[in-house]
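Engineer: So the chains spell out like this:
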Amino acid sequence: MGLRRRLDGWAVFTLLTALLVAGPLIGLPLSFLAAPDSISRFSGLVPEALAATAVLLVGVGTGVLLLGTALAALVSFCDFPGRGWIEWALVLPLAMPGYVFTLFALGLDLPGIRSEAGAVCVFTLVLYPYVYLLARAAFLAQSRALLEAARGLGLSRRAAVLKVAVPLARPAILGGVALALMEALADFGTVNLLGVRTFTDAIYRVWFTALDRDAAMQLATILMSVTLALLLLERLARGRARYHQHAARGDVVPPVRLRGLAAAAAVIGPLILVGVTVLAPLAQLGVWSVESIQDGLLAPEFAAAARNSVLLAAVSALLVPIVALLLAYGVRASGSRAAAGAARAATIGYGLPGSVVAVAVIVPLAWLDHRIDAATGAGLVLTGTVIGLLFAYLVRFLALAWGSVEAGLMRIPRRLDEAARGLGADRLDVLARVHVPMMSAGLATAALLVFVEVMKELSATLLLRPTGGDTLAIAVWQATAESLFETAALPALLIVLVGLLPVAVMIRLSGRRGAELEAAQGAGAWAEELESREVVTA
Amino acid sequence: MTAPIRLRGVSKSFGATHAVREVTLDIERGELMAVLGPSGCGKTTLLRLIAGFEVPDSGCVNVGETVVAGPGRVVPPERRRVGMVFQDYALFPHLTVEANVAFGLSRRSREEREALTRGTLELVGLQHKAGDHPGELSGGERQRVALARALAPEPELVLLDEPFSNLDATLRAGLRREVELILRDAEATALLVTHDQEEALSLADRLAVMREGRIVQVGAPEEVYGRPASRWAAQFVGEVNVLAGVARGDGVETELGRFDLRAPASGTVHVAVRPEQFELTVRHDGNAEIVAREFRGHDVLYRLRHEGGRTVLVQLPSLELYEVGARVFVRPAPAAVTSLVD
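Protein chains in written order, with the numbering used here: chain A, 155 to 692; chain B, 173 to 514.
Honestly, the hints are just simulated from the structure, not real lab data. As the structure is a computational prediction, the values presented were derived from the model and not from experiment. It is possible that some hints are incorrect.
[As the list claims (entries may be wrong)] Short, incomplete list of chain B residues facing chain A, as computed with Cβ under 10 Å:
no., residue
1, 224
2, 248
3, 260
4, 262
5, 266
6, 331
7, 504
8, 507
Glycine included, each C-beta is placed from N, C-alpha and C at the ideal position.
Only chain A is shown next, with the shape it has when bound in the complex:
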């Protein structure tokens, strides 16, 4: 007779948590069964949203592809004065949410900004770093032998880059484009402020104007399928990128020194780009902020909004990494394949638009709320409070924390778990006494990323915030929509400054070897540098 393993507590915990997180998203398409003709009442919205989405996908896709790849090629294959600085300055737009840049553009009353073309420009400017970062990592990982072989076959240097380096980096570039497009699809603030009627905008209008939850869920389902298609593309591209990057190691392509006009252009071009995208908006926001304080234009709710933002972000930064850690550890401790699959399903929320997540979580929460209210008379404890919002943040950002937590956990050999167990530690002890201390850096990174993302989050917050629960992001959006640009400036400035934190951390982690690199251009130093860059940009 065989011995039966008792039902494993960690496997059960992991399965339940994953179900809790992924359940609402999986249940979203059911809205088509529940009320099949809801969406037909808004039959005008879908073609309109599809058309706007197609324009955004094509426009932004082309824009970030060209801009990101060109800039990555420039800093990877050319050398010019100040290259080290420019290389990292080009990452700064990552800290600029689209709606903040839109506030700046609207405040200056740039001609033609309120259009699909305007939205394409805004998204291209703030989203190209995704392509830039991934393409640059791929270029830097390429072996010089390949480029030299191409040149030996009679290609000019420029032709060799175009015909060999860029095609080799294609998986990485495509992955970057897919990420940028997912961000563009998820955006609500920019398109709403610029009057571009995409799905997120349609969901908002159906939700608040028509109060039709079923139709909102059906719109969200359509948007979710577009996003999941992009996500799939990104996964496929990334799988191949990994293969390419590890095929080539050692000799790195030596950059060509630019002189004269070319060098001047290589410095001035990126500087103008970063100036327009980051420095000018920051300066303008600074000026408006000062004016708003002097003229008493600051919204009376500003302090409450700032407090709400920080509280929500701080609680999420604590909650989300802990859930990610417990989930990842549950998979590891139980060794259950079902748990591993469930955990993967729980992380699909990432990349899904905040509006989709909000619409998905509200229905089960509202159902539960009414049950609780009927049983205890406690009122709407879930949907009427921040609990619903925090849950939406958990669904949306779990994957963000999962990435660093799981990577950290994988680096800890299982032998250490066994050693600790043999010394009398139970599985929770192993987590607390071995894993958490060993991966504190990864947990801190996860917390920082979640904190910043929650500070910037607009669309889910807008749909799920309890009364009086405005955040800085909502304050920016509302004031901008009413053309109160000075009032919007200070909260926007705070959001951007907080958003600069992870970018600064990333630059610091990468730049640590920068100075030594200038001094010793030896192959060893390069290889080391490369490895550190791969880690950061992965």
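With chain A held as given, fit chain B onto it using these hints.
Structural biologist: Relative to chain A, chain B alone:
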């Protein structure tokens, strides 16, 4: 005085692979036992079954007076009072040597914890490294920390998984002795797993030879070496010549001469003759020729071709050397006692 470690009919499969089959084994208190077998024979799985990292499909494991694995009962590893020294030591890199050793003592009182930690560090001679991190230690020091960490909670049994395989060959012999002395000082009961027969023979009080998941022989080193239970066991534990012969009472007649038998027998048999159980003399009318010579320092292994056509391994002290190609006469050494094999 607690009861020894007992395994009864323990089996474990992974899919179609039967890693451990029907293993029954007793380990006496204070004993140092070695499980010897080729890689893939299931010896590491056996260790993990005792430690509790695997659950047996059938059979039962007792540690002390407790059934730790048996029908309807599985005690998790943390409650088995079994310490383990891993092949790669698995020291906690974020903790100092002292904190590593104290890891298993968290439920003791503060005084007890400090006393046990200090005492164990002294036992392994690393009190001066207490504040170092594992990354700052040499391989041998790491091994001693791993041993101290396993010994500190005073376990019923210490398991050692290939403890010397990560060390330089030059360090190995010295550390082997050192580990043995530490284990004996601590009066620990220990089970060591290895594929190195020299290690098993020189270190263990008793050894269990394992093959394809089964234990094929258990005994003191000299017994396993001198009286192998099977041809395979004879070949795995040291070099051996298996000779056919005709047994008559307490002797056996082979083409290389007559050997004494450990137990009387009759009929056609095979016997296992160790290389050191032969004698050589250089003679032009000898019955064999030296084909190869392997110099090992204190002794020499010769490979001979016997006039009957078979190859014979002969091991002699290196006091006198014979050249390859020399014609020699090979015969049983006086008092060469052999055992029957299959």
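Engineer: Hint compliance check: list the failing hint numbers for this structure, sorted ascending.
Structural biologist: Hint check: 7 and 8 fail, others pass.
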